[in-house]
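Peer 1: Assemble the complex: chain A is given as a structure, and chain B must be docked to it using the hints.
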Amino acid sequence: MLLSRTLLRRHSVLPGFDLALGFALLYLSLIVLIPLSAAFLKTFTMSWPAFWEAVSSPRVVASYRLSFGASFAAALLNAFFGLVVAWVLVRYEFPFKRLIDALVDLPFALPTAVAGIALTAIYAQNGWIGQWLPFKVSFTPLGVFVALVFIGVPFVVRTVQPVLEDVSRELEEAAATLGASRLQTFTQVILPIVLPALLTGFALAFARALGEYGSVIFIAGNMPMVSEITPLLIITKLEQYDVPGATAIAVVMLVISFALLLLINTLQTWARKRQGGI
Amino acid sequence: MNTLAVPAAKLPQAGAAPRALRPATGEAPWVRAALIVTALVFLTLFLFVPLAAVFVEAFKKGWGVYWAAITEPDARSAIALTLLAAGISVPLNLVFGISAAWAIAKFDFRGKNLLLTLIDLPFSVSPVIAGLIYVLVFGLQGWLGPWLQTHDLKVIFAVPGIVLATVFITFPFVARELIPLMQAQGQEQEEAARVLGATGWQMFRRVTLPNVKWALLYGVILCNARAMGEFGAVSVVSGHIRGQTNTMPLHIEILYNEYQFAAAFAVASLLALLALVTLGLKYIVEQRVKHQRRGAGDRAE
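Those protein sequences? They're chains A and B, same order as listed. For the first sequence, the numbering used here begins at 1 and goes up steadily by one. For the second sequence, the numbering used here begins at 1 and goes up steadily by one.
Take every hint as true, because none was put in to throw you off.
Far from chain B, by Cβ distances over 12 Å, these chain A residues were calculated: (1) 47; (2) 49; (3) 56; (4) 58; (5) 59; (6) 69; (7) 72; (8) 134; (9) 135; (10) 140; (11) 199; (12) 224; (13) 225; (14) 270.
Here are the simulated lysine-lysine pairs, DSSO-like style, with alpha carbons at most 30 Å apart: (15) 273(A) <-> 290(B); (16) 112(B) <-> 273(A); (17) 213(B) <-> 112(B); (18) 282(B) <-> 273(A); (19) 61(B) <-> 136(A); (20) 290(B) <-> 213(B); (21) 97(A) <-> 213(B); (22) 97(A) <-> 282(B).
No lab work stands behind these hints: they were computed from the structure. Owing to the predicted nature of the structure, the values given are computational and were not obtained by experimental measurement. Even for Gly, the Cβ is constructed at its ideal location relative to N, Cα and C.
This is chain A alone, in the form it adopts within the complex:
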């Protein structure tokens, strides 16, 4: 009753608004909002110097550097190869195309722990791929990068693919008629159209990589200052009963995640406008 009277902008003959929204809000509060607020409230009980000490000690800063650096590099690699994969899947025909298309979502479906042990095994020095490489991958920061590439694969492909499908052939024909080469058509006509989606995919992959834990800890080696990611540090602190320290780092990560979420929403709105305008 109360909800429909205060929130509804237009009267509707459909039933169930109060019940549906009421339940949704209650459930959202209990499962997500109240527990999340616990993290922020917990840090308010810390003094500022204690908070600062917890989030800026050298070991923590080293973990930020690794988490951000590896996530950024992995998202970048995925942006490039994701675009190629999306392009190939949309434009060309080749054997097993549908199977391959379906398998692109594997990182969404495969549990991270499974991915972690599999990647560790094949990129280890005696592994299927590791033995051919002149440098160590598993148990180094490079291993973190490999795991983050794996979990980020679907994001760019799946955001770029539908946009690429919608690019009208007339535009490309017009470009060709005007004498543009294929490369010029791509860089000056197609790329500007898919750019918002590409950036969205990049940001999604980056955000996901920042928080990733399961696939990374097996392959990373987890050496403090060298190959220790920030989420692992949170767990380490928890296991040492340093709950405030763990929470302080978690709050820093949360604020960054929310900022990224905001950025992604803005990018998506831009993408939608860009697409609608064509």
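Peer 2: Frame of chain A, contents of chain B only:
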């Protein structure tokens, strides 16, 4: 900005033109081949080889070891706990998804965009932090910790904590699949049902549900896959008690850290199989949803 005028010198020369009968909007065959090979090499190195490795490693020591690894008591209890956690969290998030989608897609109300953003929130939170926040609420030093202890209830390092963490991680899946479809379908059909005298329940069961059943199934499949495979969040709240609070992914971790690689990969292969089934179902359902969306689009026109 997009001036496509090209200097005359760069135009293809008339005499050399028809190298092949490829259309002006296609690439040269070698470019095409190079791109396909690039894409396939990338996917092979990062997706296909790891997937194959799971199964090869699982059977490296033969069927006997494989079978023993997935039927020993600890593995069985891990499988049971994983099924339990998914069995509770998927229906809960299903009910939430339907409620949220009904309110968001069929009504126009203040704060709708905020609600949409909040529903997506769990996707942007690291699984480790998802576990941590429940420790802060239910843990010994947490808000409800002392109360729980005096009543001899355990949430953290026990099954309820594992279920809660799983619910959090899989929170948005069903809602996200339903909302765009139901928004596209509009509310005319439901309104017609109401005008014709259907009760709210009849309208929901005979009009709304059949319209969204494939998207619903799709959301449930994704939700279930994530629920069964969740590692980070569950790892924080589980306490890793063998035979009691170990889910399948945690069991894999323990086996792996004990260098029982074949056993670890054997249990992992079950989850990999689940992932493949999920992708297969997803593919089938996706085709249906596409078909249905097209139908909804046609009606709207």
